[in-house]
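Under the UniProt record's numbering, think of the first position of the sequence shown as 1, with each following residue one higher.
Keep in mind the hints are simulated off the structure, nothing from the lab.
Incorrect hints may appear among the rest.
[Claimed, not checked] Only pairs whose alpha carbons sit at most 25 Å apart, straight line, appear in this in silico BS3-like list of lysine-lysine:
id	residue 1	residue 2
1	K603	K448
2	K539	K448
3	K97	K455
4	K99	K454
5	K543	K287
6	K454	K366
7	K99	K22
8	K99	K455
9	K574	K455
10	K366	K448
11	K287	K448
12	K539	K455
13	K366	K97
14	K539	K287
15	K22	K97
16	K97	K454
17	K454	K539
18	K287	K99
19	K287	K197
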Amino acid sequence: MQLWMIFLPVIAALFMPLLFKKIKLHTGWFVLIVPVVLVSYYASKIGDRATYASWTWVADLQLKIDSSLDGLGLLFSILITGIGALVVLYSIFYLDKTKEQLHNFYMYLLLFMTAMLGVVQSDNVMSLYLFWELTSISSFLLIGYWFTRDASRFGALKSMMITVFGGLLMLGGFLILANITGTMSISEMLLHTTEIKESPYFTLAAILVLLGALTKSAQFPFYIWLPDAMEAPTPVSAYLHSATMVKAGIYLVARFTPIFAYSTTWIWLIVILGLITLFWGSFFATKQRDLKGILAFSTVSQLGMIMSMLGVAAMSYHVDGNAENVFKYAGFAALFHLINHATFKGALFMIAGIIDHETGTRDIRKLGGLMSLMPISFTVAMITSLSMAGLPPFNGFLSKELFFTTMLSAQDFSWSTVAVLIPVVAWLASVFTFVYCLYFVTGIFFGKRHELPKKPHEAPIGMLISPLVLASFVVVLFFIPNVVTDALIKPAVLAIQPNQFLTVGDIDIHISMWHGFNTELLMTIGVVVVGFGLFMTVKHWRKVYSLVPEWFSLNQLYRRMMRLADEDMTKVSKRYMTGSIRTYFIYMFAAIVIIVVSTLFMKDGYAFDTAHASDIGAFDIALVVVLVLGTLTVLFARTRLTAIIALGVVGYSVAMFFVLFNAPDLALTQLSIETVSVALFLLAFYHLPKLSRHEARLPFRLGNFVIALAVGVMVTLMALASQSQKLLPSISEYYKETVYKEAGGGNIVNVILVDYRGFDTLFEITVLAIAGMAIFGMIKLRRKKGADKNEIK
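Work the whole structure out from these sequences, hints included.
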């Protein structure tokens with residue numbers, strides 16, 4: 001059941017085209033059933049012990065689809081399916097059935113849901129990588145859903161290029177871990193942390209895995225794909241870029257912290273890049289004019305905030321004394337804000353979509369004065385924005401206080417003076433977070449009302465249900481946070497604990513609305529005072545954004561790299577992509593010869609043993625002479641008929657060798673193939689003109705001769721070396737022993753073809769059938785009488 005739940009969305013996606021054509025209702029109503037069922041299933045698992053399910057694909061290679069539903073996996077699974085249900089409900093009213101290809105949209109969305117569930121539940125690094133890249137592919141399809149728009153295609157390609165690049169590096173880290181530990185199971189790797197950290201490749205593996213997380217979670221400097229991904233439909237942005245895809249990197253860091261936290265490189269990359277991302281995103285959010293652009297940079301900032309807290313949690317591995325408390329507090333704070341961010345950011349994206357849907361624009365310069373016209377949207381936007389700003393009485397205030405506590409605790413690590421700057425940077429970033437939250441709300445709902453493309457009005461109730469539900473969570477979590485933290489956060493922290501620290505029941509953190517007058521509260525007051533001052537004077541200091549030239553940016557660097565890569569690769573490819581099949585064969589054969597011959601030389605594979613060689617008789621010599629003469633005749637024939645006959649002689653000579661080697665089945669097959677081939681060649685060449693003088697006397701080319709000779713020598717050396725050096729028993733003995741007992745057949749060749757190599761034979765038949773149908777279709781094509789030349793019946 002546990003594995004079926006992962007694949008339920010993609011199974012449901014198979015029926016989307018059928019539903020789209022056959023039913024009159026909006027397809028989303030049927031899709032909504034899937035996340036509702038899933039979130040109900042995962043909610044029923046709250047309080048249960050971790051469960052495990054596995055399906056083995058290739059046992060010898062440890063390729064398995066594993067589902068480990070521990071506290072961390074359950075937390076993310078509930079987020080993925082719960083937010084997914086609200087997003088699907090929102091999309092029903094946001095996407096017009098008559099104008100949109102809904103079957104494509106929901107197929108991509110369900111595929112993405114399966115991919116995310118696979119990521120957060122995989123206990124096998126290879127299956128995790130499989131689902132990881134599936135999230136990149138499905139998000140590419142979702143971001144580029146409106147594929148007729150250049151911006152959509154550009155954003156989709158950019159996101160896939162960066163995240164797939166990170167995924168490939170992450171795969172390298174996984175393979176290093178598997179090589180060190182001898183297992184691909186993450187839970188088993190956790191039992192070999194001593195071996196891993198003592199390996200000379202420990203730091204390299206940590207960096208590679210971390211690069212995968214940084215690219216997926218849009219951390220500096222890889223964040224540049226996220227703003228361009230805002231070209232996706234708003235339901236996609238609300239789902240992928242607030243609660244799911246961008247959180248995959250957070251999940252990866254949390255899951256592998258018990259393995260890599262012993263690396264100071266891992267710690268400082270997470271902390272420093274997380275804080276840079278937090279500040280960078282919050283500072284540049286106020287520069288944006290597009291509502292979703294503001295939210296995109298705010299997402300970047302909030303992800304940096306969560307990442308930095310996980311980095312501080314990893315610091316606790318390197319200190320004594322208060323390390324246990326620091327770990328559980330920082331890990332608790334990070335995961336608590338993970339939930340809070342999903343609630344307020346999902347609602348804000350939906351509000352941005354409502355504004356666009358009801359006014360016809362997302363440009364904040366053209367908006368304003370909508371509070372009286374859209375009171376419900378205003379209320380939701382105000383609640384969720386203030387929560388993101390970290391003000392009471394909203395859940396963002398609680399997690400922001402925990403964030404300040406976590407950053408202050410980093411100063412306890414006296415082994416680095418840089419830690420003193422951590423709370424300072426965190427506070428400055430929080431100031432700009434407060435600024436862009438006010439900028440977002442006031443820019444839409446306050447001030448002067450402008451002329452808009454559409455007459456503004458409140459959204460239909462169906463579109464408001466999802467943001468209202470999320471806004472309700474924002475308020476409820478402030479007043480009763482411990483209900484959620486006890487059920488979801490604490491089990492998740494236990495799932496990522498270092499082995500020497502926590503046990504069940506040790507996490508005694510209790511969140512209260514009032515913590516007293518402490519440093520964290522003073523930092524919050526400072527955020528409000530300074531932030532409000534900066535907001536009121538934004539017109540004066542906004543000029544600082546223009547100090548950085550447009551060409552000096554990471555986006556421009558990406559564009560230049562892509563453009564140069566395209567131009568340079570085009571020049572390189574034109575050098576070898578000549579259109580000549582002969583040239584391509586030269587490249588391929590030359591590469592094969594170099595690789596094989598050099599390998600034989602380096603591995604000392606040239607020792608030949610003729611002790612067990614068969615005697616060579618006169619008939620064998622005669623056949624070899626005929627074979628050589630036939631081959632030479634093919635090369636130097638003046639007519640096609642002569643070449644075809646000589647080619648047949650070569651084939652029949654090989655068949656005679658099979659007869660001599662007591663392989664009548666192979667001989668019969670070879671004779672049949674040669675007969676058919678010669679007949680087909682004769683039929684085809686009968687309709688071709690005679691060889692011209694130039695074709696009959698092809699010029700001698702030394703390069704081609706050397707390649708051909710090298711290939712022949714290579715094959716001969718391989719045959720002799722393999723015959724002389726049998727490192728393993730011949731598989732023929734296995735066939736002899738099992739063909740009758742296990743396969744139940746008497747003819748060993750037939751059994752091999754239909755049993756041992758049954759799939760191979762099936763695929764060959766399938767290829768021939770497809771080719772036959774294609775040829776039949778081409779034959780049946782007829783041009784319409786009097787129709788245009790390019791129009792085919």
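Going back to the hint list, which numbers does this structure go against? Per hint list: 1, 9, 12, 13, 17, 18 and 19 violated.
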